[in-house]
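Trainee: Using the sequences provided together with the hints, build the complete structure.
Residue-level listing of the chains:
There are 4 protein chains.
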Amino acid sequence: MPMTEIELQAELNDLRMSKEAQPLFDAVKRHIAENVDPITEEFFRLGEGRADRWSWAPGQLELLEGAKNKAKAAGLWNFFLPHGDTGTPLSNLDYAYIAAELGKSPLSSESLNCSAPDTGNMEVLEMVGTPDQKERWLKPLLNGEIRSAYVMTEPNVASSDAGNIETSARLEGDEWVINGEKYFISGAGDPRCKILICMVQTNPEAARKAQHSQILIPMDTPGVQVLGPMRVFGDDHAPQGHMHMRFDNVRVPKDNMLLGEGRGFEISQMRLGPGRIHHCMRTIGKAEVALDLMVKRGNSRTAFGKPLSQLGKNMEVIARARIDIEAMRLIVLKAAKAMDLLGNREARVWVSMAKAMVPERVCQIIDQAIQIHGATGISHWTPLADLYADVRHLRFADGPDEVHYMVVGRDELGRH
Amino acid sequence: MPMTEIELQAELNDLRMSKEAQPLFDAVKRHIAENVDPITEEFFRLGEGRADRWSWAPGQLELLEGAKNKAKAAGLWNFFLPHGDTGTPLSNLDYAYIAAELGKSPLSSESLNCSAPDTGNMEVLEMVGTPDQKERWLKPLLNGEIRSAYVMTEPNVASSDAGNIETSARLEGDEWVINGEKYFISGAGDPRCKILICMVQTNPEAARKAQHSQILIPMDTPGVQVLGPMRVFGDDHAPQGHMHMRFDNVRVPKDNMLLGEGRGFEISQMRLGPGRIHHCMRTIGKAEVALDLMVKRGNSRTAFGKPLSQLGKNMEVIARARIDIEAMRLIVLKAAKAMDLLGNREARVWVSMAKAMVPERVCQIIDQAIQIHGATGISHWTPLADLYADVRHLRFADGPDEVHYMVVGRDELGRH
Amino acid sequence: MPMTEIELQAELNDLRMSKEAQPLFDAVKRHIAENVDPITEEFFRLGEGRADRWSWAPGQLELLEGAKNKAKAAGLWNFFLPHGDTGTPLSNLDYAYIAAELGKSPLSSESLNCSAPDTGNMEVLEMVGTPDQKERWLKPLLNGEIRSAYVMTEPNVASSDAGNIETSARLEGDEWVINGEKYFISGAGDPRCKILICMVQTNPEAARKAQHSQILIPMDTPGVQVLGPMRVFGDDHAPQGHMHMRFDNVRVPKDNMLLGEGRGFEISQMRLGPGRIHHCMRTIGKAEVALDLMVKRGNSRTAFGKPLSQLGKNMEVIARARIDIEAMRLIVLKAAKAMDLLGNREARVWVSMAKAMVPERVCQIIDQAIQIHGATGISHWTPLADLYADVRHLRFADGPDEVHYMVVGRDELGRH
Amino acid sequence: MPMTEIELQAELNDLRMSKEAQPLFDAVKRHIAENVDPITEEFFRLGEGRADRWSWAPGQLELLEGAKNKAKAAGLWNFFLPHGDTGTPLSNLDYAYIAAELGKSPLSSESLNCSAPDTGNMEVLEMVGTPDQKERWLKPLLNGEIRSAYVMTEPNVASSDAGNIETSARLEGDEWVINGEKYFISGAGDPRCKILICMVQTNPEAARKAQHSQILIPMDTPGVQVLGPMRVFGDDHAPQGHMHMRFDNVRVPKDNMLLGEGRGFEISQMRLGPGRIHHCMRTIGKAEVALDLMVKRGNSRTAFGKPLSQLGKNMEVIARARIDIEAMRLIVLKAAKAMDLLGNREARVWVSMAKAMVPERVCQIIDQAIQIHGATGISHWTPLADLYADVRHLRFADGPDEVHYMVVGRDELGRH
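Residue numbers (the UniProt record's numbering), protein chains in the order written: chain A, 1 to 416; chain B, 1 to 416; chain C, 1 to 416; chain D, 1 to 416.
Just so you know, these hints were derived from the structure itself, not from any lab. A hint or two may mislead.
To be verified - Covered stretches of chain B, as calculated for chain A (at least 3 residues, CB under 8 Å): (1) 15-23; (2) 290-303; (3) 313-319; (4) 327-337; (5) 352-359.
Unchecked claim - The calculated label-pair distances, taken between Cβ atoms and stated as ranges, are: (6) 5/A / 248/C: 48 to 56 Å; (7) 210/C / 248/A: 52 to 60 Å; (8) 248/A / 310/D: 28 to 36 Å.
Said to hold, decoys possible - Below, simulated DSBU-like cross-link-like pairs (lysine-lysine); rule was C-alpha separation at most 35 Å, straight line: (9) 313/B / 296/D; (10) 209/A / 306/D; (11) 104/C / 313/A; (12) 104/C / 194/C; (13) 72/D / 306/A; (14) 104/D / 254/D; (15) 209/A / 209/B; (16) 209/A / 134/A; (17) 296/C / 209/B; (18) 313/A / 72/D; (19) 209/B / 134/B; (20) 209/C / 296/B; (21) 306/D / 209/C; (22) 306/D / 313/B; (23) 72/D / 313/C; (24) 209/B / 139/B; (25) 313/D / 104/A; (26) 194/D / 72/D; (27) 209/C / 313/D; (28) 19/C / 306/D; (29) 104/C / 313/B; (30) 306/C / 313/A; (31) 19/D / 139/D; (32) 306/A / 296/C.
Just so it is clear, CB atoms sit at the ideal spot from N, CA and C, and this is done for glycine as well.
Mentor: Laid out in structure tokens, this is it:
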């Protein structure tokens, strides 16, 4: 017997991790502590100061593969897939708890084959891929053998309105011919990146929601050009990068179309719900890191005869950070629960609430942590500047704040 | 077998109303709709423009008693008492859901014998009162026959630091002799107010936490003087008022001491946890009223050719209000759940989080609702100005924001 | 030789009071200290607790007339009139300095015949009044014998868009017949209020900017009904009030039209520039009062062993208030100077900058002063709650914040 | 005859550029437009992608020297020096106007020999240098032949409290022996940097304000080690850099001491007033760049059928930016004027007001410009990310915000 509306609403407030997920959650934390934290510093040190910035340094991938193999051996692999017969099926709610842990360190997600944008790409392939597409791309992705990128944003239009996307795909015989310019293609610099899922306009004459499609483009297709990295606050994030790309008469087989021509927005809806929640929950983890650093610095440095934490507004800043982290955590958990109970479509207002609230406020928390560190806070001696750049970036990615406020505002206006 | 710490933490996120409370919740909503809403406008109209402002107008109490009797008949009575053998025992979590409904209209709480400060006073009497004290004061309070006041704040010291309280009680023979000045004694103007619970300093030489006591003072004791009402933004709230009082050699029997000399702070701790959560949850209800009015006005008024809701930042203001209301609701529910699971003492940081977060942000939401109404918003044509004054007041009552930030901040600093 | 554009822009930054105005400025300060401050408390005490709230108490007007007569005798009279042959002509810049002093106490403005809305009404009459209109209404206003009101805002439309105004005036023979409803008519409750300047719609078919007119309506005209006071945060401001009025077939002679039919907006432009600056500069004075009280309280009250001013964020709150007061002062002075040098029309963006910036920020400063006072801050024991209500009201009056941001924003967009 | 206090206060509001400075101001703008803007893009392009990051690329310095020579030839050289017989003496007020122009592009300051930290270092040398010191270091600095750095901040203490500085200088015979660690030494990576002014602790036993000294250290002294660059949001700012340095038994002649042992804070006071104002005024220029970009992007990009500038809160964001830029400009001008009229010491509260207000608010304006650009805003395709990093850095440099609020707050508390 299905739940009544009242029962559903009540159930939405059960934000507990399931008992079944607890062992996995514990195992993930243990894995991070035992297999990831110990290699993180060395991994990044190996990559520093290289002439050939767009490859991995000798030893880097070996370290990472070591952690991946341990995760695979422990069964901590691909569990992000909510419907997966290929992974451990987890509810969005349970995954949200885990994602908060993953957000605390930069290598954790990949060590578990759970890093963006591969997770979203794998989800899409699993849901809408043909057997051939799954065999060729999903399988090596699930094995962690290759990586992928999601090719959406364009430099020449306001991509916040996805209807503006103008990279074109035109059918010529048995091939789609793709032309256009994209940027901020995260991960496309990685030598391991072999496949792109690309949003293209297939029919400018169609109804607004049916003009666009998503299509698979192997990285090595002629005409796929990586023009260079986009720097984010001066950092090129080599060798993975957020790449600027051009597609110049790129030809792919007709069968590379996902789900069907004109169904690009439909696929976007599929991927965005969970993806946004994963992002937001990882961001809660980042906020925890920032608050932890803020407190430690506040307790350990002294000025004018007192620990910084006792000076001026600092204690209130710390308290507000804690309060808002807890509030954001609950909102993200509720959005995850809403996806589990109501489906992505019905949950979309909850998802937009989380996406609008979290990155903006966490940017502030990181910024306050920076301030209490003095100039050290913007340097490479703490992870704060990187965290800031990441989370600042998130205020555009998957829809800018403004679009999510619009979703929530329209729903509110409509309910009265 | 008691829960492990991990199980406890997990359980704290089960924020569902209990299935047992749902019928009560429904009955309360029905009672408000059927018995309270229909009399509210008349109740206040009767009270307007009176020469004798400090009495109830003919007919007012009759209306209210009618609603109270219906509630009593329906068993909707005294359910706030968490440990009560005299009422329906409700968890703090369940009560929080109900309180959000009570906050939406000014007479609901009293119609169910659930209004401040009587609820807190009844709780204290039930927990620490002697059989005589219970017979004489708790019984008529539980019956809704009399009302009470809580006498804490003093005009001459910063009462945010309760250790500053200087109204004195000195034992002379079998009597305590009380001298001092208090203000903002809510409800002490009501002719039905018969008993005061008063915070006094009994021993300035004792350890800091043992200097104060709480004592029962019947309203008609010689020397109890009501000097006049404190106006709040110009409104004297007659006939209940927030009164300015003097205690001039007020003598009460030794037995009027509650719990024991020097145990005043202990009693404060008892009353404050639930009281703060009730306040906060009622405040969520007030925020809902404000948002509802904001949306209705935004949709119905037109300027420059568009509904106000479509102009400038208004839709974002509305969206942010919705997001923050949901975030605050979850934080308050979590604080209530923490009291249920951990006890008031362990839950105190959660309670301070809610108390610091909610009144400040709800003031802003009400203020934004005011702005969208134009001058009507600050007038008596909407409830917004009253709501604002109420919630603004709450930023001092039960500890000012600053004290709650201190509680949260110290806890955070201590955990690292 | 007129200044070049560059010279003009340079000159706009000479924000000094003129040497000629300094003696007047000093005399005004002396007058307030000697003649107004000493009577203020008694004036308001006489008005308290009256049964007949809508008249002046015996003795009140005598006190005020005493101060007025002293001002008149000292030549401190009507100096607000910028073009006046009837007063001391002052630049807007010089007047702005004086207005900041007037804002610090509630009776100062009227004691010098410089209170709103009479100042604006007198300006309009002087600029556009016929000799008859001047004789009948301007003369007694300039003498301080009668008072006036400005009748603009309507309850049934969003008056922020003045084009919405729908109170109608229709010509029947030699008379205008006026019908409609207005509210927040400040001062219309005062028994001395004898004349209204009323914004009416005279031709709904005309071009948008030519549909409205301003017309003189003597208070005692049949059909002029005062329905009652609008309360502001619960306070009715008797006996002056912000009145709710109805005009029911009110007939006035054709000659009562100001300037000409359809020229209502033109008159609005005349009055609003200076009026807004006067308001803003008085508001700076109010912010000074609030900051002064905040500092005094912060220095004199102690909690947790320290003066409040040394606790938490309080010193930063105080510093930010000082910084923002100085910034606002300079912006207001610059807007006044722009009116002097460029004329009201060219200066309108500067005026909107001041009007958008000042009331919102000063509300916050007053609110912070309230917070440091605890509950005393919202009571009648300090002027803070009244100041807050006043300045909050100003965020709608003379155009809500939103309209002024629109003016500034459009100008900025247009300049690129 | 000196001005009276009242005349002084009045005079402080004359914020006009002097007539004498206008031609210089015009010449500087012309120089930037004709000699600097045309070389800027090429200058930075030459520096990109170099293996040897810590040298200038062939051609870079030639471009810059070309612009410098043109400036020198036009007499636009060293005019920052307020007391200079070596330059064009300018008031702080006049210089503030020019600095706002310099802030708009990254090469302007150096092209005029007016870039930090050389300006401060030259000022100090001119004021307190011995003839020998001037000959050896000031002369080539004034000629633009060498560059210099200011060595203050330390990684191991909270340098916001300058009393914490612990790099030591101990006298051994005729030499000072210096040991310690410093970081964020701006410009010390530049091959042209030849001289350091270094804050050292010379006597930990002295009175708190007499423990520190400032001393000249030639860059090529044995023991001066550049450990590497501090990255700012990931950018190392090669080849100038913000360097991490160690001083390991660095020996300099006794005569290298500036002004005298124990007078380090005295020198700090000299340099900080003007330096802070120059920084703040350049920051106003940066805010203008950001607002300009925000408006252009808002007008040129379209989403949901409208230019971005017409969507949601964007127009209000733009209006608030304009208002606050004008307010900040006036505050900075007033602080500069206060230094001119009252001297650096008396003006210090005004300087702290500007320093506390400007960088924080300009960071927000740049951030809002970033948001309206989408991901382009954080990339290297606009100057916004660099501007943000620069201005964010400024919230620590020359005293963090918190210290300046303390200066203003204490002054305010002291005046009551």
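Trainee: Hint by hint, say whether it matches the structure.
Mentor: Against the structure, the hints:
Residues of the segment 15-23 of chain B lying with their CB closer than 8 Å to a CB of chain A number 4, which satisfies the three-residue condition for coverage. Look at the segment 290-303 of chain B against chain A: 6 of its residues bring a Cβ nearer than 8 Å to a Cβ of that chain, three or more, so the hint holds. Judged by the Cβ-Cβ criterion of 8 Å, the segment 313-319 of chain B is covered by chain A as claimed, because 4 of its residues qualify and three suffice. A count of 6 residues in the segment 327-337 of chain B with a Cβ less than 8 Å from any Cβ of chain A is obtained; the coverage claim is therefore met, three being the minimum.
For a cut-off of 8 Å, the count of residues in the segment 352-359 of chain B with a CB near a CB of chain A stands at 3, and the three-residue condition holds. Remark: the range hint 48 to 56 Å for residue 5/A to residue 248/C is upheld by a beta-carbon distance near 50 Å. Residue 210/C and residue 248/A have their C-beta atoms about 59 Å apart, which keeps the hinted 52 to 60 Å range intact. At roughly 35 Å, the beta carbons of residue 248/A and residue 310/D sit within the given window of 28 to 36 Å.
Proximity of residue 313/B to residue 296/D is assessed by CA-CA distance (about 20 Å); at most 35 Å being required, the pair is judged to hold. Restraint check for residue 209/A and residue 306/D: the C-alpha separation of about 18 Å stays at or below 35 Å, so the hint holds. Of the pairs offered as hints, the one joining residue 104/C and residue 313/A holds, with about 30 Å between alpha carbons and a cut-off of 35 Å not exceeded. This hinted pair checks out: residue 104/C and residue 194/C have alpha carbons roughly 27 Å apart, not beyond 35 Å.
Only pairs whose Cα atoms come within 35 Å are accepted, and residue 72/D paired with residue 306/A is rejected, the gap being roughly 50 Å. A hinted pair counts as satisfied when its Cα atoms are at most 35 Å apart, and residue 104/D with residue 254/D does not qualify at roughly 42 Å. In summary, the hint linking residue 209/A to residue 209/B is not supported, as the alpha carbons are separated by about 67 Å, beyond the 35 Å threshold. With a C-alpha separation of about 26 Å, the suggested pair residue 209/A and residue 134/A falls inside the 35 Å cut-off, and the hint holds.
In summary, the hint linking residue 296/C to residue 209/B is supported, as the alpha carbons are separated by about 29 Å, within the 35 Å threshold. Distance hint between residue 313/A and residue 72/D is unfulfilled; the C-alpha atoms sit about 48 Å from each other, more than 35 Å. Distance check on the hinted pair: residue 209/B and residue 134/B sit about 26 Å apart at the alpha-carbon level, within 35 Å; holds. At most 35 Å may separate the alpha-carbon atoms for a hinted pair to count; residue 209/C and residue 296/B meet this at roughly 29 Å.
For the given pair, residue 306/D sits about 26 Å from residue 209/C by alpha-carbon distance, which is consistent with the 35 Å threshold. For a cut-off of 35 Å, the pair hint linking residue 306/D to residue 313/B stands: about 15 Å separates their Cα positions. A hinted pair counts as satisfied when its Cα atoms are at most 35 Å apart, and residue 72/D with residue 313/C does not qualify at roughly 49 Å. Only pairs whose Cα atoms come within 35 Å are accepted, and residue 209/B paired with residue 139/B is accepted, the gap being roughly 31 Å.
Pair hint residue 313/D plus residue 104/A holds up; C-alpha atoms about 33 Å apart against a cutoff of 35 Å. Restraint check for residue 194/D and residue 72/D: satisfied, since their Cα atoms lie roughly 22 Å apart, inside the 35 Å limit. A threshold of 35 Å between alpha carbons decides the hint, and for residue 209/C with residue 313/D the separation of about 27 Å falls inside it, so the pair holds. With a CA separation close to 52 Å, the supplied pair residue 19/C and residue 306/D exceeds the 35 Å bound.
Of the pairs offered as hints, the one joining residue 104/C and residue 313/B holds, with about 33 Å between alpha carbons and a cut-off of 35 Å not exceeded. Taking the CA atoms of residue 306/C and residue 313/A, the gap is about 15 Å. The hint holds against a cut of 35 Å. Restraint check: the Cα-Cα separation between residue 19/D and residue 139/D comes to about 30 Å, which is no more than 35 Å; the hinted pair holds. Only pairs whose Cα atoms come within 35 Å are accepted, and residue 306/A paired with residue 296/C is accepted, the gap being roughly 26 Å.
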